[in-house]
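> Chains A and B are the protein sequences, given in the same order. Following my numbering from start to finish, the first sequence increments by one per residue and tops out at 342. Following my numbering from start to finish, the second sequence increments by one per residue and tops out at 337.
Treat the hints as calculated values from the structure; they're not laboratory data. Only true hints are included.
Which stretches of chain B does chain A cover? Using the computed rule of at least three CB atoms under 8 Å from a CB of chain A, they are: (1) 29 to 43; (2) 95 to 108; (3) 169 to 179; (4) 183 to 191; (5) 242 to 255; (6) 296 to 308.
Virtual Cβ for every residue (Gly too), placed ideally from N, Cα, C.
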Amino acid sequence: MATTEPEPVAERDLTMSRAMVEAVATEMRENDEVFVMGEDVADYGGIFDSTQGLLDEFGRDRVMDVPISETAFIGAAVGSAQAGMRPIAELMFVDFFGVCMDQIYNQMAKNAYMSGGAVNVPMVLTTAVGGTYSDAGQHSQTLYGTFAHLPGMKVVVPSTAYDAKGLMHSAIRDDDPVVYMFHKRLMGLGWMPAPPGPKTPVPEEAYEIPFGEADVKREGDDATVVTLGLHVHRALEAAAELADDGVEAEVIDLRTLVPLDTETVVESVRKTGRLVVVDEDYRSFGVTGEIVARAAEGALSDLEAVERLAIPDVPIPYARPLEEEVNPATEDIAAAVRRTQG
Amino acid sequence: MFSDMVTARYYEERLQEEYLEGKQPAFDISAGPIPGELHLAAGHEAAAAGVCQHLRDDDTVTAPHRPHHVAIAKGVDLDRMTAEIFGRRTGLCKGKGGHMHLFDPDVNFACSGIIAQGCPPAVGAAMAAKKRGTDGVAVAYLGEGAIDQGGFLESLNLASVHDLPVVFVVEDNDWAISMPKERVTDVKNGAQRADGFDMPGVRVDYNDAVAVYEAAAEAVGRARAGNGPTLLEVQVHRHMGHFMGDAEAYRPDDEVERLKRLDPIDRLADRLRAEGVDEERLGELRAAAERRVEDAIAFAKEQPEPDPEEAYDDVFADPPEPAAKPGTAAADGGGDE
Ligand SMILES: Cc1ncc(C[n+]2csc(CCOP(=O)(O)OP(=O)(O)O)c2C)c(N)n1
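Based on the sequences and whatever the hints tell you, model everything.
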């Protein structure tokens, strides 16, 4: 990014993957106890560029390719974290949690509590989420709600490069297990073009984004759109369209699911009275239901209309027309907001 | 065997062409007539053809994310399989599964994109055969990278302790995406995993279809005769990237060229020539294979795309009432709008 100021450039536009890696590299430089483990994280640099360049700087001891044994290496991250290190373990696609969930939800997530606080598990579990590219039912889920549902893990979902970096610094420094879910479509991959939104200016220095602070991406009085991940960008696009018709939607990016910033959601609903929740996870028993419940608990009397958009309780289908049907599109969001304008 | 191998090879070459349509010059995984990931198996054909020659339609095969060569050798309907890969309504799975998730119950073939997770269902198919007293067998395919996975190791033990008619076939191409075998295991011969479960473990080197055929005759025969499972590891070669679009920066420059000189199809052709099969016959077999593949691709492209509303079908075999689109008022038990 060009600058006219005399100082060195302090901010550049980065892709989400570059921003994420920058935070990891900075933490690794400052703390020898931070290391990375996963499949194809070394020479390949992560299938979704999430560890690009780390091998060159830190070597194989700290950027470890591991066997396709998720139970073993994610469990090893739990163990090394309990020993006081700060491992970052990558589950290549969140969909693969099925083969290693015990280490995630019975060990990683519960050890602090079940030990009565005697131990803690300061690790980061990074994982790629999301569809939109015809990878079908075993490689396209987000599973946001699944992870947020089970107590004991913090769950973060960046939607921009700026947030990706800040949330990663916070995640590594956090004393609890953090599940860091990055959307493939937002990473800025050469082979999977990102929409324009996620590439943002990113400061060179380290900074944290505190967990539990949603980001109001756009202000508006007519409706509140609560979302996360890829759909932040779809919601912003919808909001821009709606504004042309005089409907002002407020767009809230949750950024972290655990802890959840209920206050920002409730405040906005008090103002607009109309809530639209947009999620790329399954509809039932998930993020949309949770947000509506919190809004009802906090602002029941202000609620005039509620809409939720999510994957309609079917596995993600392969063929393009089928996947497009089940994944909420920009037009679906705009239409849902319009429906709330009674 | 030769026909299956040349069909599989030509199939992968043609799919690669079709896949790259719409993805050039800039590669976009979601563009073109075949979107999504595509894992092609050029160089793996011997492992498929050599084993499946011994199988009948009622035998079960499970394959992993790289399934086409195995599906072809098992006799999966090529037209409908291709239609599935093109995401068409008349595909094997009505466009819901795609290339990593092909199901053809007519020949008892299925595959899964989750590493090693085809092994337990293969054990289950073998269990069903044994309980019913048939002489059916099941074969589970997986890559050498998958043999460090619990689903595989647990399956070995279960199959062994119950003497189930399963053959586990490990296709060792030395790579798991970018990770060479030596980086993820100290065990050079994966068939040794069998020792820990008290079952025979056999490794076939040199990507040699005839040697696979012979080893599989024994393994499948053993299973069919009720004598329990076998682990077979077959050396194969990955001629292409892990998936299409893989730049393979991690791979030594000359490796693929070197491997192509050890092509299992050339090796089998030499063998056939030595046994008196003439060039003309080999040419006929190749031409027939190419026609079959071209026909399947032409068939697939003519098929209709699924209707978006079909996305809601098939979640359950016996859908709960009311059978309405989830998320609609009716599905939620009555509307308020
Ligand atoms: C449980 C699980 N972990 C990781 C992956 C991602 N993945 C897909 S293929 C693959 C490599 C498989 O290597 P191998 O088993 O040797 O088969 P090959 O691709 O070489 O044929 C990996 C890691 C997956 N699909 N499932």
